[in-house]
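Number of protein chains: 2
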Amino acid sequence: MFTLPQEESRAPAPCPSPASTQDLDSNYGDGLERERSRKPDWKLPELCDSTTMLSPDSSYLSSRGRVIKWFWDSAEEGYRTYHMDEYDEDKNPSGIINLGTSENKLCFDLLSRRLSQSDMLRVEPSLLQYPDWRGHPFLREEVARFLSFYCKSPAPLKPENVVVLNGCASLFSALATVLCEVGEAFLIPAPYYGAITQHVYLYGNVRLVCVYLDSEVTGLDTRPFQLTVEKLETALQRANSEGVKVKGLILINPHNPLGDIYSPGELRDYLEFAKRHELHVMVDEVYMLSVFEKSAAYRSVLSLEGLPDPQRTHVMWATSKDFGMSGLRFGTLYTENRDVATAVASLCRYHGLSGLVQYQMAQLLRDRDWINQVYLPENHARLKAAHSYVAGELRALGIPFLSRGAGFFIWVDLRKFLPEATFKEETLLWRRFLDNKVLLSCGKTFECKEPGWFRLVFSDKAHRLCLGMRRVRQVLEGISQVAEEPPSCQTEEPRSRHRET
Amino acid sequence: MFTLPQEESRAPAPCPSPASTQDLDSNYGDGLERERSRKPDWKLPELCDSTTMLSPDSSYLSSRGRVIKWFWDSAEEGYRTYHMDEYDEDKNPSGIINLGTSENKLCFDLLSRRLSQSDMLRVEPSLLQYPDWRGHPFLREEVARFLSFYCKSPAPLKPENVVVLNGCASLFSALATVLCEVGEAFLIPAPYYGAITQHVYLYGNVRLVCVYLDSEVTGLDTRPFQLTVEKLETALQRANSEGVKVKGLILINPHNPLGDIYSPGELRDYLEFAKRHELHVMVDEVYMLSVFEKSAAYRSVLSLEGLPDPQRTHVMWATSKDFGMSGLRFGTLYTENRDVATAVASLCRYHGLSGLVQYQMAQLLRDRDWINQVYLPENHARLKAAHSYVAGELRALGIPFLSRGAGFFIWVDLRKFLPEATFKEETLLWRRFLDNKVLLSCGKTFECKEPGWFRLVFSDKAHRLCLGMRRVRQVLEGISQVAEEPPSCQTEEPRSRHRET
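The listed protein sequences correspond, in order, to chains L and X.
In terms of our numbering, the numbers along the first sequence are unbroken and rise by one, the last being 503.
In terms of our numbering, the numbers along the second sequence are unbroken and rise by one, the last being 503.
Hints are computed from structural coordinates only; laboratory data are not their basis.
Be careful, since some hints might not be right.
Since the list can't tell identical chains apart, any single copy or any two copies may satisfy a pair.
Here are the simulated lysine to aspartate or glutamate pairs, EDC-like style, with alpha carbons at most 20 Å apart [said to hold, decoys possible]:
no., residue 1, residue 2
1, K426, E307
2, K426, E235
3, K451, E218
4, K463, E126
5, K249, D271
6, K107, E126
7, K386, E218
8, K451, E183
9, K107, D134
10, K93, E126
11, K247, E186
12, K451, D223
Here chain L stands alone, though its shape is the one from the complex (with noise of 0.2 Å):
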């Protein structure tokens, strides 16, 4: 038995409430979220209760290796559970469907087939030598011209402002490291990926201040879970009076959980806001090719004329999700900041690829007729299929939901499946659909304050997603809907022509 030190253990502080309460949910690596949503009530065990959570046997370890061991060991969990049942079509086609990890499963054909042509295996020595750990010169001029013609810059994107690295969990961690102090805090509307919890915390020691949206549609509000200047204004003012130092604002855009995609006029909002309180922007931009509705109209900051606070504003991008690739490890930060760019590739021989694959995806980047003419188009089509199937089925079902037209996955809310308004009732719900052999992602895990909303990944082949709704379905039906129904919300997109109720 141990006691966990509050100072050692660099543990977060417990959050100013309400505006920014938060837990540290847990789940397994990126990939994560699929572990994440087999636990969704994983919380960070209170320091003073440390005894019972965190395990005696790890006394090899620092304070601060137990909580990190501690996060792996909630998800490993999940982890091993999943993987003892995973659906396989002829080897255990009553395994268990994964609706709930945010991967795009629909084109492994087409990228397998383009990354197998033979311009892709080039070994030169220059490649097997120690790189620039910003990365090699040649991609990231090539990162340069992708991201200035798909992020529609008013001027070329520089080479100098990219650095490259093993994925954005990689460059958060670094972000929060080299902008924060150690205890300080981003500010982040919620429900948000929650992973990024642990990016931040892990090495960084730096806290996520929660900007919690609502369902409900009130106000100015336009739409659900609506983000407005006000909402962080008082988050932001909460953390002051409570004496947490925020430094920064994380934007994810698409938004995941929720889909949502930012105006011009929005994101201008934003930036405007954290100009005025001298706040970092962290824009996560990860889905920002998998908007396959057209009439979306996405908008990458990278296209604003004249950002409000360029040396404050950086964005990262990756091909974990747009290019359906989270095994390969690449992402990407673009910042005017060239203290930041110097600091984040300082801690890049931490985060460093492989000199084959960076080869490898200059090659990938700069093949615009496969990226234009057959990979986003099958790609949209495909996502767009699939989530107009899964929309059907909610509709049919009688579920509200967001629809938005970008990401992989569905805002569902089932609030009125719940007896009670509760998260302990969110995890059994989660828990019957689990038991039903169909993984979703609860609410919880992305510090969604409403009990009952859920997370529905739709990018996977239709013979894995009808087997996936079928259970869900039966779920749902075994449930007599509850007597008094939650506040009816307004999930219908204004904006949108894809009204879904």
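Mind docking chain X on chain L? Use the hints.
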């Protein structure tokens, strides 16, 4: 202008001296010894004097971010200079020859041929999806088999004790973080591969306590710079008495920069010392297959029967040195301590390597025919030939050096060329070499406490090596040896038939 608050910066407090005094010398990445050797007198600015050293322009960064950036900037200066005038046989024959970076450039032909074979390009969905962050099971199995064979373990090593990641720099970072609290320390015999200072400090905020070794052979020593348990005990006691908490011991075997190989008896003595004090031992064996002299009789720590404290013994290996692929970014941990393996794995989401590279590495490591019949014999023959050439040149110049038959470098005693035994004079000599277009690494960057030692890398192609040595000779022949020679040091290796003076 700003001042860097000591607490916020988390910069190391002044080290206990003399046993453990240590500057935070810096370099560029890992390929960085190149840079390191270009700027031998970097120091972490004294905090009280930070206004002069750390740029006031870095106000966008946290204090730790500024320190992290400072490491890059210091190295960047060297990086720029070197790359502005890099030697090229055709394009820049008067450019700088690099005998400073420890890379093996002798076998790119063999490697390129093997890595270009068609079996190396395999693209499967599982390789493109989120991996197990410990490494794909197929790779961990291959690593366990590989290490069992080449380390000659008494029993087969287990895949579950293997964690793979993107290089040993990352592994040092992760181990420091999970084993130590902020500000705690590892013992390390000095001289040592100086980049480790950053690896344990930048993210982990862990310090190194030097166990300084002498060139003079005294007492029961049998060779220069001999590590003994007595020296370990003394350094540990001094650290303890000065309030520095030491949590582990780092051993490099074969040693960088000495080239020393520890005998099984020595290894066991060091491990017993560590066990007595409950210290973790990190054994860095990245040069284990680069022992080109058969008489050298290298033994991996994994070959020992009955490790004294297996739960605190953690072995590191990588392909950077032994397979001459520092740009490929593959390293591995082997430890029987499940807690340590798990905690490191939890950080591996920030140190992950591509699934495609994992596949390639498994293919390479399992190809015993190629390794045993092609690569290793040829590599060793080339290393030996290059070593013989440089040793002969040094002998002809009357320069004492250590000759050990392992690694890519020779530890050279140039003390008699310094007018005074100071690091200032060492730097001046280093600069004379550079002015004559040959880059070496001077002893200061390895925390050698005697000015005048240099590390000379010989693992390069003959034409570059000859030219480099000619330039070295030109510099030394232009210097009149100082009248008062330093106390002669026994640079011969009594247990080896390769005695050099």
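Hint by hint, here is what the structure shows:
Proximity of K426 to E307 under the C-alpha cut-off of 20 Å is found in neither arrangement, the shortest distances being 47 Å within a copy and 52 Å between copies. Proximity of K426 to E235 under the C-alpha cut-off of 20 Å is found in neither arrangement, the shortest distances being 31 Å within a copy and 55 Å between copies. For a Cα distance limit of 20 Å, the shortest separation of K451 from E218 inside one copy, 12 Å, qualifies, whereas the shortest one across copies, 68 Å, does not. Proximity of K463 to E126 under the C-alpha cut-off of 20 Å is restricted to the inter-copy arrangement: shortest distance 16 Å between copies versus 38 Å within a copy.
Taking identical chains as interchangeable, the C-alpha atoms of K249 and D271 lie at most 20 Å apart only when both belong to the same chain, with a minimum of 18 Å there against 50 Å between chains. For a Cα distance limit of 20 Å, the shortest separation of K107 from E126 across copies, 12 Å, qualifies, whereas the shortest one inside one copy, 32 Å, does not. When the C-alpha separation of K386 and E218 is checked against a cutoff of 20 Å, the pair qualifies neither within a copy, at 27 Å, nor between copies, at 74 Å. Taking the shortest Cα distances, K451 and E183 never come within 20 Å of each other, neither inside one copy (28 Å) nor across copies (34 Å).
Taking identical chains as interchangeable, the C-alpha atoms of K107 and D134 lie at most 20 Å apart only when they sit on different chains, with a minimum of 17 Å there against 33 Å within one chain. In this assembly of identical chains, the alpha carbons of K93 and E126 lie at most 20 Å apart only when taken from different copies (18 Å versus 42 Å within one copy). Taking the shortest alpha-carbon separations for K247 and E186, only the intra-copy value of 5 Å comes in at or below 20 Å, while the best inter-copy value is 27 Å. With identical chains, the CA atoms of K451 and D223 are at most 20 Å apart within one copy only, with a shortest distance of 18 Å there and 67 Å across copies.
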